[in-house]
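Engineer: Read in UniProt numbering, the sequence shown has 313 at position 313, and its numbers run on one by one without any break.
Hint data in this document are derived by calculation from the structure and do not stem from the laboratory. Treat the hints with care, since some could be wrong.
[What the hints assert, rightly or not] What follows is a set of in silico ranges between Cβ atoms, one per label pair, in the way DEER data are often shown:
id, residue 1, residue 2, range
1, 288, 222, 24 to 34 Å
2, 184, 231, 27 to 37 Å
3, 41, 142, 19 to 29 Å
4, 374, 227, 24 to 34 Å
5, 34, 208, 31 to 41 Å
6, 128, 284, 22 to 32 Å
7, 88, 184, 41 to 51 Å
8, 180, 41, 34 to 44 Å
9, 288, 117, 22 to 32 Å
10, 41, 101, 31 to 41 Å
We put the beta carbon where it would ideally sit given N, CA and C, even for glycine.
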Amino acid sequence: MGASQTVCCLVLRDEHIARSFAVAKWTYCALFTVVTVITWVLRDYSDDWFLKHSTIFAYCQLPGYEALCSGKQVAVRISFANFSFFFTHALVLFWCTWERDFRAGIHTGLWFWKILAWGGAIAGFFFVPANAITVYAQVARYGAGLFLVFVMIEMVSWVYDVNEWLLRRDSKPAWAALVLGAAVSILGGLALIGAAYYFYAATPACHLNLFFITWSIVVGFALVGVLFVPNRLEVAGLMTSGAVFAYCSYLLYSALGRVPGDACVRVAVSDQWVQIVGFFLGIFAVCYSTMSLGTSSIFGGKQSGDSSEAGGGGDTSGGGGDLANDSGPLPYRPDAFHLMFALASMYMAMLFTNWQVSSSTAKFELGTGWTSTWVTMGSKWFCEALYLWTVVAPAILRNRDFS
1 MGASQTVCCL VLRDEHIARS FAVAKWTYCA LFTVVTVITW VLRDYSDDWF LKHSTIFAYC
61 QLPGYEALCS GKQVAVRISF ANFSFFFTHA LVLFWCTWER DFRAGIHTGL WFWKILAWGG
121 AIAGFFFVPA NAITVYAQVA RYGAGLFLVF VMIEMVSWVY DVNEWLLRRD SKPAWAALVL
181 GAAVSILGGL ALIGAAYYFY AATPACHLNL FFITWSIVVG FALVGVLFVP NRLEVAGLMT
241 SGAVFAYCSY LLYSALGRVP GDACVRVAVS DQWVQIVGFF LGIFAVCYST MSLGTSSIFG
301 GKQSGDSSEA GGGGDTSGGG GDLANDSGPL PYRPDAFHLM FALASMYMAM LFTNWQVSSS
361 TAKFELGTGW TSTWVTMGSK WFCEALYLWT VVAPAILRNR DFS
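Go ahead and model the full structure; you've got the sequences and the hints to work with.
Structural biologist: As structure tokens, this is what we get:
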């Protein structure tokens, strides 16, 4: 029995559940990153491989089928396969929250069969009818937007967690970190806004860019001014406002860089290596943030430093200790973890297609165009509004507990 379990990777229990879940999350993240890079390669170079030299996908060379195997169609089809793979996991693992649930092993084991199924899904989705792919691409727009909402919520929650952790320590190094963090964040945000003015507001005719940048300064003052509201959220502080300001300034700079054309660009960047570096940094940032979001405390994941209390008072030797460990909560919810990767698959499809499935995409291009610009600005405004509301909510809804 043990040999068959080893061959099939069917190890459903692990006495070190926290370690196995940590290994699982990094494995999923690494595999998702690899598939994402493969998606980019096929998107940019599949014309030569599939349409000219491929014998496996011979149907791609048939008249009327060329578009199904090249460019953005490849990105959307692989995204559909990724979404189906992770969403199926989310359904199978729905409400799996305790170590005693045998389904926990599905998340951490069966790697041979998972990789086989994942690869088979990617290959199989090249044969899905184009109409189904078009429907998925439209649905993916909303899924990608939902993913961005979760990212913004997690970002604000993470800033509060860091600030609260430093306040609890109540030591000179902690206070120094708070002051330094606030100063670096605010100065960094101002530097990004200054760079946006210089690079993306070349002439007074760039009205939209000037509006975006100027309004960001106004909101920046609001992020600091809201700290003077009586009865505000106590855990909010200058560092939290500074961190949100810096992050939203980065989103502003990123959005302006996605605007098509060079009419408002003071210095046009022509070096391809800059575009390549930014391209891969963007991919890895999305993959890592997806993993972090999937294990976040907003979905029931344990905070850093938490430990299971289930077996603390029992016998740690023999069967009694194992029984106690099996009754504890999981380090994070695997259903939420896979759901975030499913939504991230939709988001990556939108990045690779610039949120416009019908038009072409240049090589090393990731999220460029007016749609991408407005989506990024919308994410920025949502993050700012979310933070402002969380700060003033205790002052407005005084009958609710925000501790």
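Engineer: Does each hint hold? Answer for all of them.
Structural biologist: Going through the hints against the structure:
Taken as a hint, the range 24 to 34 Å holds for the pair residue 288 and residue 222, whose Cβ atoms sit roughly 30 Å apart. Checked against the given bound of 27 to 37 Å, the beta carbons of residue 184 and residue 231, roughly 29 Å apart, stay inside it. The hinted window of 19 to 29 Å between residue 41 and residue 142 holds, with their beta carbons roughly 27 Å apart. For the pair residue 374 and residue 227, the beta carbons lie near 30 Å from each other, so the given range of 24 to 34 Å is met.
Between residue 34 and residue 208 the Cβ separation comes to about 38 Å, which falls inside the hinted range of 31 to 41 Å. For residue 128 paired with residue 284, a C-beta distance near 28 Å keeps the hint of 22 to 32 Å intact. Judged by the Cβ atoms, the range 41 to 51 Å given for residue 88 and residue 184 holds: they are separated by roughly 43 Å. With their beta carbons about 41 Å apart, residue 180 and residue 41 fall inside the hinted range of 34 to 44 Å.
With their beta carbons about 24 Å apart, residue 288 and residue 117 fall inside the hinted range of 22 to 32 Å. Our hint of 31 to 41 Å for residue 41 and residue 101 holds, since their Cβ atoms are close to 38 Å apart.
The structure is consistent with each of the numbered hints, conforming to all of them.
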